[in-house]
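Count along the sequence shown from 1, add 2, and you get the number used in this note's numbering.
Rather than coming from a laboratory, the hints here were simulated on the basis of the structure.
Treat the hints with care, as some may be off.
Said to hold, decoys possible - Cross-link-like lysine to aspartate or glutamate pairs, in silico, EDC-like; alpha carbons within 16 Å at most:
id : residue 1 : residue 2
1  : K188      : E94
2  : K188      : D160
3  : K188      : E50
Note that the structure is predicted; figures quoted are calculated from it, not measured.
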Amino acid sequence: MGTAMAALLVLLCSALTWAAPTPFVALPGASKASLVNMEPLLSWFRGEFSNAEQAGYDPRFANATLRLTEIWPGGAGVRWVYAEQSLAGRPERPFRQRIYRFSAGPQGRILMSELTMPRASDFAGAWRDPALLAGLTPSQLSLRGGCDIWLHRQPSGDYQGRSDIGLCPTDFGGAATLVQYVWIGKDRIRLLDRAYDEEGHPRWGSPGEGYLYLRLPATG
Numbered sequence: 003m004g005t006a007m008a009a010l011l012v013l014l015c016s017a018l019t020w021a022a023p024t025p026f027v028a029l030p031g032a033s034k035a036s037l038v039n040m041e042p043l044l045s046w047f048r049g050e051f052s053n054a055e056q057a058g059y060d061p062r063f064a065n066a067t068l069r070l071t072e073i074w075p076g077g078a079g080v081r082w083v084y085a086e087q088s089l090a091g092r093p094e095r096p097f098r099q100r101i102y103r104f105s106a107g108p109q110g111r112i113l114m115s116e117l118t119m120p121r122a123s124d125f126a127g128a129w130r131d132p133a134l135l136a137g138l139t140p141s142q143l144s145l146r147g148g149c150d151i152w153l154h155r156q157p158s159g160d161y162q163g164r165s166d167i168g169l170c171p172t173d174f175g176g177a178a179t180l181v182q183y184v185w186i187g188k189d190r191i192r193l194l195d196r197a198y199d200e201e202g203h204p205r206w207g208s209p210g211e212g213y214l215y216l217r218l219p220a221t222g
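Model the full assembly from the supplied sequences, consistent with the hints where possible.
What follows is the structure, encoded as structure tokens:
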């Protein structure tokens, strides 16, 4: 298998990992202070990102884009971000679409929960036109149970976290569990997946230290 094809396969494995969905559960309301505590994270987790630079010098990585936009503003204590990932040459056909729910936790931590939507392909392009999501409500989403990530702010100012080991299920590629790592900075987002079988042996995962997406200049 060629290097480029292997890079694409790993990226698609990451997109296709399956975790049993659970019904959406509304969170209790939070104070306005909780919303403030989620900054600057939510400001950083918006915009357009690309790993073209990384893919240019490391053939293990496919050239992909990550686009993020905040949706459903004004909810008490909870904020939502729609995420869309696509190969650089096929922006109109995303290979992964998710909605992330952020809520403030104790000791300055922020809980990042991943949710899927029905008929996700109907919402392709919503990063550019959030009105496409007008007919979608939080109650229609399915939570990826066991895959929550607690984000902690580091001395550098960046945020990082991972899902709990052994709790995020998958049945893809001979794996049983998945550990997802995320690092969020002002102008970069790094995503790393590691999948293991029931005996704890590695089955597949992101190359190296994961996909490094750098912020693209804002366009008018």
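Verification of the supplied hints:
1. K188 - E94: Outside the cut-off at roughly 26 Å; violated.
2. K188 - D160: holds, 7 Å
3. K188 - E50: holds, 12 Å
When the structure is compared with the earlier hints, a violation turns up for hint 1 alone.
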